[in-house]
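Assemble chain B onto chain A, guided by the hints.
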Amino acid sequence: MAVKVHIHTTHRQFTNGSEVVEVKGNTVGECLNQLIKEFPGMEKALFAKKDKLHNIVEVYLSHVSAYPDELVKPVKDGDEIHLVVMLAGG
Amino acid sequence: MLTPNERERYDRQIMIEEIGQEGQEKLKRSRVAIAGAGGLGSPIAIYLTVAGIGMIRMIDHDQVTLSNLNRQILHWEEDIGRKKVDSARAKLRNLNREVKIEGIAETITESNVSQLVDGCDVIVDAMDNIPTRYILNRCAIEKQIPFFHGAVNGFEGRVMTILPGKTACLRCLYRGPVPQEKFPVIGVTPAVVGSIQATEVIKYLVGMGKLLTNRLLIYDGLQVTFSEFTINKNPNCDHCGSPVGKG
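As you go down the protein sequences, you meet chains A and B in turn.
Each step along the first sequence adds one to the number in the working numbering, with nothing skipped, and position 14 is 14.
If you count the second sequence from 1, you need to add 1000 to reach the working numbering.
One chain only, chain A, in its complex shape (with noise of 0.2 Å):
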């Protein structure tokens, strides 16, 4: 399944500036892991460790929370994830 995944600002220095990284797989943990395949600096800005996202990592497929269990959600042809920080600032 081809889908496109949003590179949060924060992020982007981890994949030479590029915004939407285009990925293939079944599942959004099999995308992610095709993107850190690619570029392995987004392995530490998404993962605590195997298969742990960081608490501020929210990830959206289709434009819907992701949350509980991201990693195994299926996904389809032409997704998109994007791959959020959550702010603190006020």
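These aren't lab readings, by the way, just hints derived from the structure by calculation.
Not close to chain B: a few residues of chain A, all C-beta gaps over 12 Å, as computed: (1) ALA2; (2) VAL21; (3) LYS37; (4) LYS44; (5) ALA45; (6) VAL72; (7) LYS76.
Within a straight-line C-alpha distance of at most 27 Å, the following computed BS3-like cross-link-like pairs (lysine-lysine) qualify: (8) LYS4/A with LYS1233/B; (9) LYS1166/B with LYS1026/B; (10) LYS24/A with LYS52/A; (11) LYS1233/B with LYS52/A; (12) LYS1203/B with LYS1100/B; (13) LYS4/A with LYS50/A; (14) LYS50/A with LYS37/A; (15) LYS1028/B with LYS1166/B; (16) LYS1182/B with LYS44/A; (17) LYS50/A with LYS76/A; (18) LYS49/A with LYS37/A; (19) LYS52/A with LYS1182/B; (20) LYS1233/B with LYS76/A; (21) LYS49/A with LYS24/A; (22) LYS1210/B with LYS1233/B; (23) LYS1083/B with LYS1100/B; (24) LYS1182/B with LYS49/A; (25) LYS1233/B with LYS1203/B; (26) LYS1233/B with LYS73/A; (27) LYS73/A with LYS50/A; (28) LYS73/A with LYS1166/B; (29) LYS1083/B with LYS1182/B; (30) LYS1028/B with LYS1091/B; (31) LYS1100/B with LYS1028/B.
Please read these numbers as outputs of a predicted model, since none were measured by experiment.
Every residue gets a Cβ at the ideal spot worked out from N, C-alpha and C, and that includes glycine.
Below, chain B alone, put in the same frame as chain A:
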């Protein structure tokens, strides 16, 4: 009832069909708690004050510093060292003396939050940290008070409106504690985000439009985009979920 002076002051917004005199009277009868008198709290308080809210309660334990002045437009150079709530109250009073402005210089905690927002129709999130937002979120749900979330970082911001018992809350996406860090920000970002929060409050109080419930709005000032994401109510949320889920 509006006084002749109020009818003149609010003439342009009373002209808005969805507000009218009835809506203006609703605003006048409303009591709003704004948690935070900083970057977000400034535009929120200013726009709600000029809109004619009956009572605004500003809650902030902090004092004005020089590094606040790039974004916290309620505070000026002459206010450095002054309590933010005192500085805010002075400016807001001069903007609109029809509005009652209260200032409480206290740190929001689990033990005092209920008392701090007591008697208010809505709570507006203008905090600078996530743990206090969760304290407010839980209190809003327990007291069944609508909660208007906003947050910023750099050129980015987000807004969501929470109607307790009906819509997803701030905690529905909770995955665990997050580190507290000094955040970068430029004043125009809380100006945009705070203005949207104030818009949501006005809409809710008057009873018009479509609220940002179950919808997270993300503003990207660098790309000048607004993205919207659906947030579903989490039945296992430890704040708003079922009693079983809270276990």
